[in-house]
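All chains should be built: construct the whole structure from the sequences, respecting the hints.
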Amino acid sequence: MFIIIGIVVAVAVVGIISVKLYLSSKENKAIELAQEYLSQKYDEEMNYESIRFSWIDPSLYHVSFSPANNPELVFEVLVQQDLTIQGGIREFGQSNSSADNYCIKYFEYLMEEFLSDDAKRLWGDDVKVTVLQINSGLYSFSVPPELNNTMSLNEMEALLKNYWIYIKTSEMKLDDQSLEESANRIFEFIQVIKNNGFMPETIDFWYPTTEDETTDVALRNLNEIDTVDQVMGQLKAELAK
50 MFIIIGIVVA VAVVGIISVK LYLSSKENKA IELAQEYLSQ KYDEEMNYES IRFSWIDPSL
110 YHVSFSPANN PELVFEVLVQ QDLTIQGGIR EFGQSNSSAD NYCIKYFEYL MEEFLSDDAK
170 RLWGDDVKVT VLQINSGLYS FSVPPELNNT MSLNEMEALL KNYWIYIKTS EMKLDDQSLE
230 ESANRIFEFI QVIKNNGFMP ETIDFWYPTT EDETTDVALR NLNEIDTVDQ VMGQLKAELA
290 K
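The opening residue of the sequence shown carries number 50 in this note's numbering; numbering runs sequentially from there.
None of these hints come from the bench; they were simulated from the model.
Any given hint could turn out to be false.
[Claimed, not checked] Estimated spans, in silico, between C-beta atoms of each pair:
no., residue 1, residue 2, range
1, Glu220, Gln279, 18 to 24 Å
2, Leu132, Asp278, 55 to 61 Å
3, Pro120, Glu81, 34 to 40 Å
4, Leu202, Gly282, 29 to 35 Å
5, Pro194, Glu81, 40 to 46 Å
6, Leu132, Thr258, 44 to 50 Å
7, Thr263, Ala289, 14 to 20 Å
8, Asp92, Leu202, 16 to 22 Å
9, Glu76, Asp224, 50 to 56 Å
Glycine residues also receive a C-beta, built at the ideal position from the N, C-alpha and C atoms.
Structure below.
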């Protein structure tokens, strides 16, 4: 009896090891394919960071890299489950479909850096600025073929209108006593954005409501905001929801 149990356990262990080796082999091939793709598309040296497999449809390998000269910027290359890259690894600039989101993440990084000083001036050094370009691609990323990492921030922004700016701060209150002061700061921040020719889809402010809880208020249609009163109107409308 014990011999039979031992055999079953041994077979199970061998099976598990075989599966792990198979998956590890596929991951290594996905990494190699992603590295080949990047070496053909970009001049920069890219360092491998990590890999994960998404089991939820679409099933893809998400291979993360960062530029050697900027390790804070992390982006992904999407490798199909059958170890191919959408559109082929040599077909660059042919459509809005891209297997990597490097230029998108580069834009987000540059915009965060640009806005950081003004955000800190208005809400303190602990403020967190996050820029997120809304990208709805499934098997690939939606990236304008004209977009490249040699463009200025304004040139990139002109091609990427559907992005959000998130501001997370502990220095904001939207109660009756603080609403006008907060509206003034928000308006000043919006003016910085507009005066530099930028137009995000939304600015979303996250702030504490209690010691343990936070909430957010989003401002849209920034092109229509020309006064502090208009900011206060949007804030009151959002808070009333």
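Quick rundown of the hints versus the structure:
1. At about 22 Å, the beta-carbon gap between Glu220 and Gln279 stays in the expected band of 18 to 24 Å.
2. Between Leu132 and Asp278 the Cβ separation comes to about 58 Å, which falls inside the hinted range of 55 to 61 Å.
3. Taking 34 to 40 Å as the suggested C-beta distance range, the pair Pro120 and Glu81 does not conform, at roughly 21 Å.
4. At roughly 30 Å, the beta carbons of Leu202 and Gly282 sit within the given window of 29 to 35 Å.
5. Between Pro194 and Glu81 the beta carbon distance is about 26 Å. The supplied range of 40 to 46 Å is therefore violated.
6. Between Leu132 and Thr258, the C-beta spacing of about 48 Å keeps the proposed range 44 to 50 Å intact.
7. Range check, Thr263 to Ala289: Cβ separation about 19 Å, and the 14 to 20 Å hint holds.
8. Hint check: Asp92 to Leu202, Cβ distance near 20 Å, so the stated range 16 to 22 Å holds.
9. The hinted range of 50 to 56 Å is satisfied by Glu76 and Asp224, whose Cβ atoms lie roughly 51 Å apart.
Hint check: violations occur at hints 3 and 5; the rest are consistent with the structure.
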